[in-house]
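Asker: We have chain A already, so just place chain B on it with the hints.
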Amino acid sequence: MASALSLVRPVVTTHPSGHAEREPVGEDALVDRARRGDVDAFERLYQLHAGRVHALCLRLAGQPMEARELVQDTFVHAWEALPRFRGESSLTTWLHRIAVNAMLERRRRDRRRSARVSLAGDEDEVEGAPLGGGSVPPADVATAIDLERAIAALPPGVRRAFVLHEVEGYSHEEVAGMTGLATGTLRAQLHRARQLLIRALSL
Amino acid sequence: MSEHPSSDDRLDELTAALPREIAPPPELWGSIRAELTPRRGRAWWASGWRLAAAGLVVAVSSSLATITVMRLRERAPMVASAPRAAVPATPRATEAPPLPAQLVSTEQQYVRSVEALRRKLDERRDSLAPSTVATVERSLRIADSAIAEARAALERDPSNAVLAALFASNYERKIDVLRRAAELAPRT
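Note that the protein sequences, when read in sequence, are chains A and B. So the first sequence is numbered by the working numbering: it starts at 51 and just counts up by one. So the second sequence is numbered by the working numbering: it starts at 16 and just counts up by one.
Only chain A is shown next, with the shape it has when bound in the complex (with noise of 0.2 Å):
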């Protein structure tokens, strides 16, 4: 699969190490200003997050369109659901899970518009399928961007549990919050998307 991640340019680099979340100076400001329907207060968290978002979108979708369309997606629902955000978890957090949740829904309404065998078996049939047709690339290449492609190129399934966890640095139990997957099933996802990485990158 040519993966479209290589066109996007990452502008900010962020090394995730202990994955600490941004909580910006005046961002609870911010929310509440647009709680009460101030736009610019809202374009001003949307600046401030869209790059996680749209870096999250773009893994788990595995191609650029569908990441934007989620990106959409998950600041529009983001605004009707603002006044009920109570701050319990961080804004950041809030907004994966809604980012998540989007993708999961698209993915029920894609599986309920078309039964195509492809679709429905790549979720969990994991067990020898190819990692991106054969294009991904060698392991003397093996950059981030080849990581890049090598994770959209997997099943999505076993994409979502990596990149929720591995990437993100949810716990086993917050992505199976998220998702709706058993524990188990999640840890067997991860095991298998690690193989298939390991593979594809010739580590």
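Worth flagging that the hints you see were computed from the coordinates, not collected in a lab. Possibly wrong hints are sitting among the right ones.
[What the hints assert, rightly or not] Here are the simulated SDA-like cross-link-like pairs (lysine to any residue), alpha carbons at most 20 Å apart as the crow flies:
1. 135(B) x 155(A)
2. 135(B) x 240(A)
3. 135(B) x 135(A)
4. 135(B) x 116(A)
5. 135(B) x 123(A)
6. 135(B) x 147(A)
[Claimed, not checked] FRET-style restraints, in silico, Cβ to Cβ:
7. 138(A) x 21(B): 34 to 44 Å
8. 252(A) x 127(B): 16 to 26 Å
9. 123(B) x 230(A): 24 to 34 Å
10. 127(B) x 116(A): 31 to 41 Å
From the three backbone atoms N, C-alpha and C, an ideal C-beta is built for every residue, glycine too.
Answerer: Structure of chain B alone, referenced to chain A:
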């Protein structure tokens, strides 16, 4: 420590080096902003009688507008209006006569929004005063009646752009009533 990290370690290193942020296309905010529905302050709506008044305004204005448009239409039946595409049979939850395709799609979106807000309101129902719930329900029935009226008029005159706008506007108002009701403070 080994000089040759294991495959798992190497994968972890690469994963940790991935960018956490990737800027979305610059024009995306414009698309999002276009979809944001305006929100007004809560205070104005923080009482049941105002909801009732809103419902009444929706009903009266919609009915008057529908009647006016239909009468004008009857008096001037030759007024040109852009022809619209034939209506595909789009399935709906209820039996619905055909509308122009664009309106069918619009209505489906409205219905989804209404259903979502309905669910939210239902979740909060117990925290609202019974009199407020009754007022909200009355307002919604009135709004439904206004929508049905505009819809019936549109079915008779599907190419009437004014009726189409009125139809959409009635949905907007219903959604507005629902949204404000869902945001009401407990026991108001």
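Asker: A separate judgement is required for each hint: does it hold in the structure or not?
Answerer: Consistency of the hints with the structure:
1. With a C-alpha separation of about 18 Å, the suggested pairing of residue 135(B) with residue 155(A) holds against the 20 Å cut-off.
2. Distance hint between residue 135(B) and residue 240(A) is unfulfilled; the C-alpha atoms sit about 35 Å from each other, more than 20 Å.
3. A hinted pair counts as satisfied when its Cα atoms are at most 20 Å apart, and residue 135(B) with residue 135(A) qualifies at roughly 13 Å.
4. Distance hint between residue 135(B) and residue 116(A) is unfulfilled; the C-alpha atoms sit about 28 Å from each other, more than 20 Å.
5. For the proposed pair residue 135(B) and residue 123(A), the alpha carbon gap of about 18 Å is at most 20 Å, so the pair holds.
6. Pair hint residue 135(B) plus residue 147(A) holds up; C-alpha atoms about 18 Å apart against a cutoff of 20 Å.
7. Residue 138(A) and residue 21(B) have their C-beta atoms about 39 Å apart, which keeps the hinted 34 to 44 Å range intact.
8. The beta-carbon spacing between residue 252(A) and residue 127(B), approximately 47 Å, falls outside the hinted interval of 16 to 26 Å.
9. Taken as a hint, the range 24 to 34 Å holds for the pair residue 123(B) and residue 230(A), whose Cβ atoms sit roughly 26 Å apart.
10. Checked against the hint of 31 to 41 Å, the C-beta distance between residue 127(B) and residue 116(A) comes to roughly 20 Å, which is inconsistent with it.
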